[in-house]
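Undergrad: Listed here are the chains, written in short residue letters.
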Amino acid sequence: MKRITIDPITRLEGHGKIEIFLDDEGNVDNAYLQIPELRGFEQFSVGRPAEEMPRITNRICGVCPEAHHMAGTKALDALFQVEPPSVVKKIRELFYSAFYCTDHTVHFYALGAPDFIIGPEGPPAERNILGVIHKVGVDIGKQVIACRKRNHEVIQWLGGRGIHPVAGLPGGWSVAVTEEMRKEIEVFARQNIDFALFSLQLFEDVVLGNQAYVDLILSDTFAHSTYYMGTVDENNHINFYDGKIRVTDPEGKEFVKYDAKDYTQHIAEHVEPWSYLKFPYLKGVGWKGFTDGMDSGIYCATPLSRLNAADGMATPQAQEFFEKFYETLGSKKTNGRYAPVHARLATHWARLIELLYAAERMLELATDPEITDPKVRTPITTTPKEGVGSVEAPRGTLTHHYQTDEKGILTKVNLVVGTTNNNAPITMSIKKAAQGLITKGTEVREGILNTIEMAFRNYDPCMSCATHSLPGQMPLEVIIRDTNGEVLDRLSQFIE
Amino acid sequence: MKTLVVGLGNPILTDDGVGVKAAFEIEAQLSEEERQSIAITEASVGGLRLMELMIGYERVILIDAIQHTNGYKHPTGTIFTLSADDLRNISPTQHSASAHDTSLITALEMAKRIGMPIPREISIYAVEVENILEFNDQPTPAVAAAIPKVTAMVLEELRLSPKSSG
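In order, the protein sequence lines correspond to chains A and B.
Numbering follows our numbering, in which position 360 of the first sequence is assigned residue number 360; successive positions increment by one, without gaps.
Numbering follows our numbering, in which position 30 of the second sequence is assigned residue number 30; successive positions increment by one, without gaps.
It should be emphasised that the hints constitute simulated quantities derived from the structure, not laboratory data.
Since the structure is predicted, the reported quantities are computational estimates derived from the model, not experimental observations.
Please note that the accuracy of each hint is not assured.
Unchecked claim - Quick list of simulated restraints, FRET-style, between CB atoms:
no., chain 1, residue 1, chain 2, residue 2, range
1, B, A39, A, V46, 29 to 39 Å
2, A, Q81, B, K149, 46 to 56 Å
3, B, H74, A, T372, 34 to 44 Å
4, A, E42, B, A142, 23 to 33 Å
5, B, A28, A, N210, 32 to 42 Å
6, B, G56, A, K407, 24 to 34 Å
7, B, A28, A, A212, 56 to 66 Å
8, B, A39, A, P369, 37 to 47 Å
9, B, A28, A, V46, 26 to 36 Å
What the hints assert, rightly or not - In silico EDC-like links for lysine to aspartate or glutamate, alpha-carbon gap of 16 Å or less:
no., chain 1, residue 1, chain 2, residue 2
10, A, K244, A, E254
11, B, K112, A, D139
12, A, K149, B, E52
13, A, K142, B, E52
Ideal Cβ placement from N, Cα and C applies to all residues, glycine included.
Work out the full structure: start from the sequences and follow the hints.
TA: Dropping the structure here:
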């Protein structure tokens, strides 16, 4: 048996490794994504006041501190049984929409788009945001940076800090929106809408206008027929900040809809000896191994899954693109619902539709007459015990669960982070891509590595390659070993 | 010269927070006058977001944790001084494989390409670390011992006449 390791050498949050095991024939037997466990978070948290959690958890990872801050803040609302004023929910959602605009933008332009604009087989030195600028023009680079800048300003105003926000309080938010702020945010939101529409047009021109890419997106190599999870509002439209968690089955029917606090009734975690990271699955279906279909409890929680789990988008222009998405990808409508799209690479398109929704929602909130209401706190009158809060992180449903003593000191903490939801689907996607690309006698080349990476990159996993580490990159190494562990061949990209 | 010092890392992940702790220490030791031209910040970000923090400063000093993975073991607490060019050499400079962002070097190249004012001088202080997998707000002893040293080195650089202050 041979073993191929795709090893991102950098450390920390991002230190993941792909191992591919070949059978005696040289075909792919199994493939695993391994992520080292960050240990001791619960021990670190227990004994601290619960209200510190939104500020502590936003340190877990440098990629989505805003999502942790928000899930933590909502968990505190539940813990202290306090309903925030309506304006607070709107300010939080406004802040969160700005965060989505930056996060989805960077994923598309730095990671998703290069595969299509430069091509999956393109030289790695060009397959990045610089290559995109080179092909599409300097103006696109300026637009990406401008989009991030204006939304980071909103995050800083509303979050109290630029990078690790601090504004969330149980039952409140420590920043009220002034009229001056509101006016600027309104301008920014309109610019975000224009930018999202531009990005969708770019996707249409570059990707949908190229039959080879459409074929790639729709190819069986990148398809899995799983259950889909997403948070929806009362109309079953996507909402990133609040709602019920809805799961639909591989044929598109609603399987279950529940409140975040009931997550343990619906989600269980499977453990594999080779991975620290657990594999969540639907209790109501059961764990059947790394396989898809109606009988397997594996679900996916991504932009694609949110579209699949919803009946539509809550804003008009995003809704138009929602319909276009399903019509273009050949999905039929039954009983008012489109059949799910299982093509994982379509996640990149879904992400841009979500970008447009976030921008439109930001405008709605920025022009809401209530948004400048200065009453941003509901007093706490109860004794805390237990609370669950969840939001849609850009890369999947994020759940925080805290238990405390009567003084609000933490006794138990559980987090189900976005990427964990997708652990099983990512594993399946890597295996399927590897099986499609590596067969007996294949010489493993860079293009193959990149295509396998594409299989997991579309999930935007938050084992984000040590965003702040040196050298701050994710070099890849493939090691092919025989059954005794002897290295037969070594192929690396960008390793010192 | 308008200068930014960034302590990088996660302050609650044992040794990973070495840069953040050193940055706070540096801030405490600066005089009122020095604070007029030197900004100190901490961040656990990289790539585009780190580049964006640097815009508008003439000189940037980064302090971070490093773990060599090329098989040659450096003693924990060893302090390395690197330039942006060094980073370019040890780093896969133009690779898009990062899971959610791009490298600092690529981000800086991009800023240059689109005409943003990137710093003229970037220097990096990197401390070899041991434990970056466990949540703890205290670093291991060898890394803790390196904090006053790296603090002194950065202060010395800040207080020397800038090389290219023309």
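Undergrad: Taking the hints in turn, state whether each one holds.
TA: Verification of the supplied hints:
1. In this structure the hint that A39 (chain B) and V46 (chain A) lie 29 to 39 Å apart at CB holds, the actual value being about 36 Å.
2. Q81 (chain A) and K149 (chain B) have their C-beta atoms about 50 Å apart, which keeps the hinted 46 to 56 Å range intact.
3. As the Cβ distance of H74 (chain B) to T372 (chain A) is approximately 55 Å, the hint placing it in 34 to 44 Å is violated.
4. Range check, E42 (chain A) to A142 (chain B): Cβ separation about 27 Å, and the 23 to 33 Å hint holds.
5. In this structure, A28 (chain B) and N210 (chain A) break the distance hint of 32 to 42 Å, their C-beta atoms being roughly 57 Å apart.
6. About 46 Å separates the C-beta atoms of G56 (chain B) and K407 (chain A), a value inconsistent with the hinted range of 24 to 34 Å.
7. Restraint check, A28 (chain B) to A212 (chain A): a C-beta distance of roughly 59 Å satisfies the suggested window 56 to 66 Å.
8. Against the hinted window of 37 to 47 Å, the Cβ-Cβ separation of A39 (chain B) and P369 (chain A) comes to about 38 Å, which satisfies the hint.
9. At about 31 Å, the CB distance of A28 (chain B) to V46 (chain A) agrees with the hint of 26 to 36 Å.
10. The straight-line distance between the Cα atoms of K244 (chain A) and E254 (chain A) is roughly 13 Å, inside the 16 Å bound, and the hint therefore holds.
11. Restraint check for K112 (chain B) and D139 (chain A): the C-alpha separation of about 13 Å stays at or below 16 Å, so the hint holds.
12. Distance check on the hinted pair: K149 (chain A) and E52 (chain B) sit about 8 Å apart at the alpha-carbon level, within 16 Å; holds.
13. With a C-alpha separation of about 12 Å, the suggested pairing of K142 (chain A) with E52 (chain B) holds against the 16 Å cut-off.
Hint violations for this structure: numbers 3, 5 and 6, all remaining hints satisfied.
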